[in-house]
Every structure is written in C-alpha cells, then in structure tokens.
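Based on the provided sequences and hints, a complete structural model is requested.
Going down the list, the sequences are from chains E and L. Residue 447 in our numbering sits at position 419 of the first sequence, with consecutive numbering throughout. Residue 305 in our numbering sits at position 172 of the second sequence, with consecutive numbering throughout.
Calculated directly from the structure, the hints in this document are not laboratory data. By construction, the Cβ of each residue, glycine as well, lies at the ideal position given by its N, Cα and C atoms. Hints should not be assumed to be uniformly reliable.
Covered by chain L, according to a simulated footprint, are these stretches of chain E (three or more residues, beta-carbon under 8 Å) [to be verified]: (1) 126 to 133; (2) 278 to 291; (3) 373 to 382; (4) 408 to 419; (5) 425 to 438.
FRET-style restraints, in silico, Cβ to Cβ [stated by the list, open to error]: (6) Ala273(E) with Arg476(L): 54 to 62 Å; (7) Arg429(E) with Pro139(L): 38 to 46 Å; (8) Asp456(E) with Gly368(L): 54 to 62 Å; (9) Pro34(E) with Gly465(L): 51 to 59 Å; (10) Gly166(L) with Tyr444(E): 27 to 35 Å.
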Amino acid sequence: MTAAAPKRMHLAAHFPGVNSTTVWSDPRSRSQIEFSSFEHLARTAERGLFDFFFLAEGLRLREHKGLIHDLDVVGRPESLTVLSALAAVTDRLGLAATVNTTFNEPYELARRLATLDHLSAGRAAWNAVTSSDAFTGENFRRGGYLDRAERYTRAAEFVATARELWDSWTPDGTPRPVAHHGRHFTVEGEFTVPRSPQGHPVVIQAGDSPEGREFAAAAADIVFTRHGTLDEGRAFYADVKGRLAAHGRRPDELKIMPGATFVLGDTDAEAQERAAAIRLQQISPQNAIAALEQVWGRDLSAYDPDGPLPAIDPDPGAEPARGRVRQGDPLAVAARWRELSRQKGLSVRQTVIEATGRQSFVGSPATVAALLTEYVAAGAADGFVLVPHLTPGGLDEFVDRVVPLLQERGVFRESYTGSTLRSHLGLDEPVWNG
Amino acid sequence: MPALRPLHLAAEIGGPPRYDAAHHTGLARLAEGGALDFVTLGDSFARPGPDALAVLSRVAPATRRIGLVPTVTTTHTEPFHVSSAVATLDWVSRGRAGWHVGVSTTEAEARLFGRRPAAPAAALWGEAGECADVCARLWDSWEDDAEIRDTATGRFIDRDKLHHVDFEGTAFRVRGPAIVPRPPQGHPVVVVDGTAEPARDAAARHADVVLVRATTPERTAEMRDDVRRRAAAHGRDPEALRVLAALTVDLGDAETAPEPGLASGPPLAGRGTYYRGGPVDLADLITQWHRAGAVDGFHLTPITPARDLERIVNGTVALLQHRSLFRTFYPGGTLREHLGLARPANRYALAGGRA
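Here it is as structure tokens:
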C-alpha cells in the first residue's frame, strides 16, 4: 500500500495594507505607493512560485473621532492600474484586485478586468467585495447606503452580469449583444473586449457572514477568509465546502484561503521574541489609545497607555471610527479586555497587543512549514494569503526559507506548470455560456 | 525674428483593436525611440478595444521616458475612480501620465450602463470640465509632504496636510480627500480636444494640452488664439498651455486608401485634417506650420499605427531632428518636463501659506 500524495497548498501574497499589521516605523520599511515596492513584493512572490499577488482597496480614508486616522499607513494606489503595470514585470504570478461592487458599474469593471486578463495573458483575479456605507458613498455619484441583504443581491447580480459580458463574444471572436435586465442593473449592447485568456478572471469572495458564504458557494473560485484556530478553520471549511453541492459544484471548485501573518526566526524562541517586538511596533502607545477609544466610543486621550484600563464603561451608541469594521458589541469587548488585563496584570497597551491581531504562524522555518502543512492536511484551508508586516521586504525570508521546506514536504509546487492563474489553482476554464 | 518655440510631437498608437500587451509596448517604444513627447491611446465604450489606461499602465514599466496619455471618459464613470486611476498611472510611470478627457455622447453607450439617457455634448462637456476640476482638487488633496512617518508621535501622516475637497458639481459631489497621494507630477497632464465648441471651454479652463483640428495654419492659429484668450479670461496663464494641431496621417501607398474619394494631392488641401503623402512631405508641413508660429506642435494619428508610426519616427521625426527642429533625446524625466510645463503648486498648500 502506498501513502496518498500529500495535499498541495496554494499561496498568495497580500501587499501590506492600511491597518496596524503593517509596520511603517521600522527603518527597513519603504514606500507604500511607489511602484518599486509593488515590483519588489510581486517579484518575490513569483520567485516563490506563489499563485497570486493580492491588493486590497481603499475608497475613503478612515476617520477617528471626526479626523483622518493618522497612526497607521494612509493611502494607496488604485489596484487595477498597479496590477496592469505589474503584468509587465512578472510572467506567471496571478494578479488579484479588490474592487467594490457597490461603487462601480458592471460594464466598466468587467471591461477593466477582461483587459487585465488579456494584458497579463490569463492572470487576472477579482476580489468582489460588498462593503458599503454612506460614509464611503460621499465620494461617489450613487452615494448612499445598502443594507446587508441588498448588498449581496447587488453583488451577486453584479458578478452574474460581468459573467454575461465575459461570455458575450463567441470563442472565435464575434461580439454578440448582451441584454441584461435585473433588479440592480440594466445593460444592453456589445462588450468591447473579446473573451479573455481565462474565459473569466478568477473571482474571489471575502466575508464570513452567512450571506457571504452562500455567495461564495454560488459564484466564487476562492474564499479569502479570516484565519482563526485550527478548529474554527475546519468548521468554516466544512460549512462552505458543504454548500457547493447545492449549486452543482464540486468541493475542489472553490479554494478556501485564510489570510495569515507569520514571523520567522532561526529558532522557535527567537521567532517568539521577534513576534513580541513586532507587536510593540504595530501597537504604538498612540495606537493603543486609539484602539481603546474605538471600543469605548469615548475620548480617552488623557489615559496612560502604560496604565490600567479605564474604569468607565463604553458608550455603546458612539461610533468614533469610520471606514473600518467594528469589533462587535463594545460592552462585551470591553468586558473581555478587562478580564484579560486583570488576569495577566496588563497595561492598556499590553492588553491591546494581546487582544488584537495576534500573529498566525510564529516559529522557525521548519515549524512554520509544519504548521501550514498541518492546516491544509487537517481540512482547515486549501492555502493561505500571506500578509507580511513590512513593505516591501516582508516576504523575502518566507520565500527563501519556508518555501523550500514546503517543496521538500511535497506540499507546494516546484515550478509553475501552467501560465494562467486558473492553471495554478487547478480550476477549469469556465464553460462558454454563449 | 523671435526664436522658434520648442516643437512638441505626439502620436496616437490605437488603431484596429488589439488586446495583447506586446503590440502596444512595441509602438510606444518606437515612439520613444523618436523622443516624442507622448503617445495617446484612444478609448470608447462604443467600439471594440481594451481599457486604454490599463494598456498604458502595462506599457509603463517597459518604457522609460515617453509620456503615456490614455483617453478616460467622464460620462458614465466615477470622478473619484478616474482621479485615482490617472494618479496611479502617474505613480507607476514615475511622472509620465496624462489624461485625454473624453465624453460618451451616444444612446448606445448610455444603454451599456442603464443609469441615464444620452445627453447633448454641451451638457456632457460641462460635466467633463467639472470632472477635470474635481480630479485636480483630489490630486492636490494631499500636500506633497503629508507623509511624515514620525515615530515620536506615532503619526504616519500630518493630517493637517490632507484636505477634504467638498466638491459640489451639477451631476455629482465628492467629499475627498483622495486615496492616492499627490502624484509625482503634481497633476498629470490634462489633454482636451478643443476643436468643437462644446469642448473648447473645458479645454481653456482645465487642459494643459489642447488639440485643435484645422486645415490651414491660419485657421489653426485662430483656434489657438481663441483658446488662449479664453484661458486668460479664466485667470490662467496662456503660456501654460500647449496647443497641438491634430492630424490624421496616412503615409501608406496609394492602394491602401482607407476611404473612397481621398486622392493624394497637396497635403490637407480641402480635405479636413487628413494628411496623405510621404514622411518627408509631412516633415515639411510640420516645419512650415511651426515656422509660421501656428501651433506648439502636432498630435499625429496614423490610420495604421503598426505601419505608419515607423515611417513617422524614422522618416518625419528623423528629418525634423536633422533640421534641429526637434529633440534627439529626453533632457527630462516627466511628461511635464518634456512639454516645458511647470509642476503645479498645490492649491491647499497655497491657501495654508505653506507653498
């Protein structure tokens, strides 16, 4: 009897974003905007044979207490334009852009995505997100707010309309008119771009809600999820994969890729020390107070970040932070943080460090390779979207030291075998639905 | 006799629709070999073709000096997204981006979006002008030195140097600030075809480069003077405008005549702005118009770029260089530098007394 081949994983690289995960204060940190940073990280990911490179989206600068939040990275270039340029300096790497379905129109966005797929010879992906609020809407014609259910019906119709447009040219290159009449969109006429190399760019869905899971099961190729514990990962994985059959899809037609951070060291102990130092860089004294204010809904600028948590209770009605996701019921979060502080004798800053954004995988390269392999083998993930904390060098060490170990274990490719992102992911080209 | 003003040359690289990167990169490099100021790539939702801004972003890392000017339309698009995409093209090209402002006038384009009916050109150009206005404000909404990375105070930016634009147009409003920090050129170069009356006012208000189409140097000079007068009336310095004569050129053989009835003959004689002849004759025409002081330069649209651009660069441009009428290399790095246009001051820094 021969052992079954170990399950292979998929890897993606997330360009460091605008939250406190990204350490800008480190002397090695470079521009978040200049093309050279994107080029460095993308080339590193391609050197590591990653499946794709991932960019998040910004449509409104975050605010805190009515002012622009200034403690984390602020600003970024527009994703699809950066990825089009990266197509010139990479050959195989998939190129994934996050683009909102609420503040765009299907015709224009489907066209931009199809163009990227042509320009990159089949490497485009789209993370179709649905977040929308009146705050972000102030930058856009349509403005306004959609409630949760409405957001997903609009997103689902948006993706379906994009697919109609991508299918509208016959495989031999003849454009045919589209006539879409739906609840959210009316699109009539010819698409300007022939069917692209992948047929349809790869579609990613990010979101943990029941609506998001159902949307992913129906329409996505990849789910970009939050990384939790191994058990949480397995439960999520089983739930989402279990929804596919109802849509006539096989479990391997949807890849589940949690976002994950990592810290490496020569030994596990050294990695733990580095992880602690990085947490201190991520949560500056000012960031600790801001995180506290976000939960408490009050001005706590007079509090000492190295002192105890406030005795007063949160104001559950206040909304000090705009343009970012809240962390749940403030009273419950405050109770949890107080308990943590009391049990371990932690200051405000130490509590925030402990309670928020813990690193996913910390250890020597061998330890991290073993942990990643375990997650995949245990049915908690098909791969990972790795989020480095440094721009642009934050992936170098992973590619140099962990990827070879994953290859030795037989759980990661030793070369690209195909040229398109779909081929890296083992996804079929969509059947032409003409 | 006053010294001749520097000659500026640009070429369109769009033609029959092509979707592969190598085609466009090859043409842009060819134009760069001739030290042209910039290439344009037209775009419209009304006919087959890729997204032009994405194509020129793809071209950017494969070129070093030439300006990259895609058409981006303003009618069915979001001004905030337009501003972000053009600013990002400027970042990925390290200061070589421009934006050829377009509008979508047809009912067929309106039906692709299903949001509103087609509108008259005058209304659309009014909106396009507002879009150019808000884009410039968004490009200024970050002062150049807004990013401070001050570890002592934990601040990545100085938020006093970020500004809401609070723009209220007739068809849209934008709160700001931009997501993309101020681009390398301050403002990417704005190009407007100001030939038709509905577009001319937007050109005079907002364009850095104005294209005009006319059949004689005299008529071209009249249009240029009109644009400059209107710009001055809007409080702009007319010297900060570059007016280029837009010509469609056919340097091919007689049997490739694209339209019936277009005979070869004296360049442009009674034939609109369609030039048909050889590369040497085209160089003579450019020399003659330029010596007459009619325009600051030319924007050439070859009917078949894959064939004619090579003839323009190696024939026409080489001859102009030989006559010392056109640069042989790029002394500057940005499109503004090629055009002799200053990097604009930031209106918000000026207002705050920090310019």
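A quick look at each hint next to the structure:
1. Counting residues of the stretch 126 to 133 of chain E whose C-beta lies closer than 8 Å to any C-beta of chain L gives 3; at least three are required, and the coverage claim holds.
2. A stretch counts as covered by a chain when three or more of its residues have a beta carbon under 8 Å from one of that chain; for the stretch 278 to 291 of chain E and chain L the count is 0, and the coverage is violated.
3. Proximity of the stretch 373 to 382 of chain E to chain L, defined as three or more residues with a beta carbon under 8 Å from a beta carbon of that chain, is not established by the 0 residues found.
4. Residues of the stretch 408 to 419 of chain E lying with their CB closer than 8 Å to a CB of chain L number 0, which falls below the three-residue condition for coverage.
5. For a cut-off of 8 Å, the count of residues in the stretch 425 to 438 of chain E with a CB near a CB of chain L stands at 0, and the three-residue condition is violated.
6. Between Ala273(E) and Arg476(L) the beta carbon distance is about 59 Å. The supplied range of 54 to 62 Å therefore holds.
7. At roughly 54 Å, the beta-carbon separation of Arg429(E) and Pro139(L) lies outside the given 38 to 46 Å, and the hint is violated.
8. Between Asp456(E) and Gly368(L) the C-beta distance comes to about 60 Å, which sits within the given range of 54 to 62 Å.
9. At roughly 56 Å, the beta-carbon separation of Pro34(E) and Gly465(L) lies within the given 51 to 59 Å, and the hint holds.
10. For the pair Gly166(L) and Tyr444(E), the beta carbons lie near 33 Å from each other, so the given range of 27 to 35 Å is met.
In the structure shown, a violation is registered for the earlier hints numbered 2, 3, 4, 5 and 7, in ascending order.
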